[in-house]
Amino acid sequence: AQSVTQPDIHITVSEGASLELRCNYSYGATPYLFWYVQSPGQGLQLLLKYFSGDTLVQGIKGFEAEFKRSQSSFNLRKPSVHWSDAAEYFCAVVFSGSARQLTFGSGTQLTVLP
Amino acid sequence: DAMVIQNPRYQVTQFGKPVTLSCSQTLNHNVMYWYQQKSSQAPKLLFHYYDKDFNNEADTPDNFQSRRPNTSFCFLDIRSPGLGDAAMYLCATSRDTGTYNEQFFGPGTRLTVL
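Order-wise, the sequence lines are chains A and B.
The first sequence maps to residues 1 to 114 in this note's numbering.
The second sequence maps to residues 1001 to 1114 in this note's numbering.
Just so you know, these hints were derived from the structure itself, not from any lab.
Please note: incorrect hints may appear among the correct ones.
Straight line, CA to CA, 30 Å or less: simulated BS3-like cross-link-like pairs of lysine-lysine [as the list claims (entries may be wrong)]:
1) A/K49 with A/K61
2) A/K49 with A/K68
3) B/K1017 with A/K49
4) B/K1044 with B/K1017
5) A/K61 with B/K1044
6) B/K1052 with A/K49
7) B/K1017 with B/K1038
8) B/K1052 with B/K1038
9) B/K1017 with A/K68
10) B/K1052 with A/K68
11) B/K1017 with B/K1052
12) B/K1038 with A/K61
Use the sequences and the hints to build the structure in full.
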């Protein structure tokens, strides 16, 4: 079955530390991959996306993600976290045949310590 | 700036009293979506419009209806809200030209059912 998994429900990092949020999918082909961020009480903002090509994708706010086909992963990274990065992060996938449907992971809540 | 607007941002209704949530867009996108997001959960697609073509998800309750009178506006009607319908409702849009296009989200409407 097609699915997307975010194994970490909650991650806490200190300001200035590096960050990696994990995302794995289960699918026989390469899906379209996205990372969204949601601040409390707000809608979703797209951080970055991967459709094809270079497997290292740069996004907004200093985030990047790397697609690894062998691991069916699309992990989000940031070298130095800022307090304003505290939010919920959702990995989302579009599987072929459902061109308009985003399948979201369950989300990872990020807390940033001063 | 082109954007997705949702009104109101906060809506309180009574158990069983019909309520309508509004979404408008200045992006001139063909596709408009409604998602339900309950506390600490991922967004769940309720339905979407491709132009005037309505597409309902299989597990969306009949209590939820939608209208799209023109390209810019889309409404979510909850005919008889129950306590379990309290959630954040997110509207999104995308331009569909045959390949997948990213979805742009509004800020959401937080619905409380008393």
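To see whether the hints hold, each was checked on the structure:
Pair hint A/K49 plus A/K61 holds up; C-alpha atoms about 14 Å apart against a cutoff of 30 Å. With a C-alpha separation of about 14 Å, the suggested pairing of A/K49 with A/K68 holds against the 30 Å cut-off. For the hint pairing B/K1017 with A/K49, the CA-to-CA distance comes to about 40 Å; that exceeds 30 Å, so the pair is violated. Distance restraint check for B/K1044 and B/K1017: the Cα-Cα separation of roughly 23 Å lies within the 30 Å cut-off, and the hinted pair is therefore satisfied.
For the proposed pair A/K61 and B/K1044, the alpha carbon gap of about 26 Å is at most 30 Å, so the pair holds. With a C-alpha separation of about 28 Å, the suggested pairing of B/K1052 with A/K49 holds against the 30 Å cut-off. Of the supplied pair hints, the one linking B/K1017 and B/K1038 holds, its CA atoms being roughly 20 Å apart against a limit of 30 Å. The straight-line distance between the Cα atoms of B/K1052 and B/K1038 is roughly 28 Å, inside the 30 Å bound, and the hint therefore holds.
In summary, the hint linking B/K1017 to A/K68 is not supported, as the alpha carbons are separated by about 49 Å, beyond the 30 Å threshold. With a C-alpha separation of about 38 Å, the suggested pairing of B/K1052 with A/K68 is violated against the 30 Å cut-off. Note on B/K1017 and B/K1052: the hinted pairing holds, with a Cα-Cα distance of about 27 Å set against a maximum of 30 Å. Of the supplied pair hints, the one linking B/K1038 and A/K61 holds, its CA atoms being roughly 27 Å apart against a limit of 30 Å.
Violated hints, in rising order: 3, 9, 10; the structure is consistent with all others.
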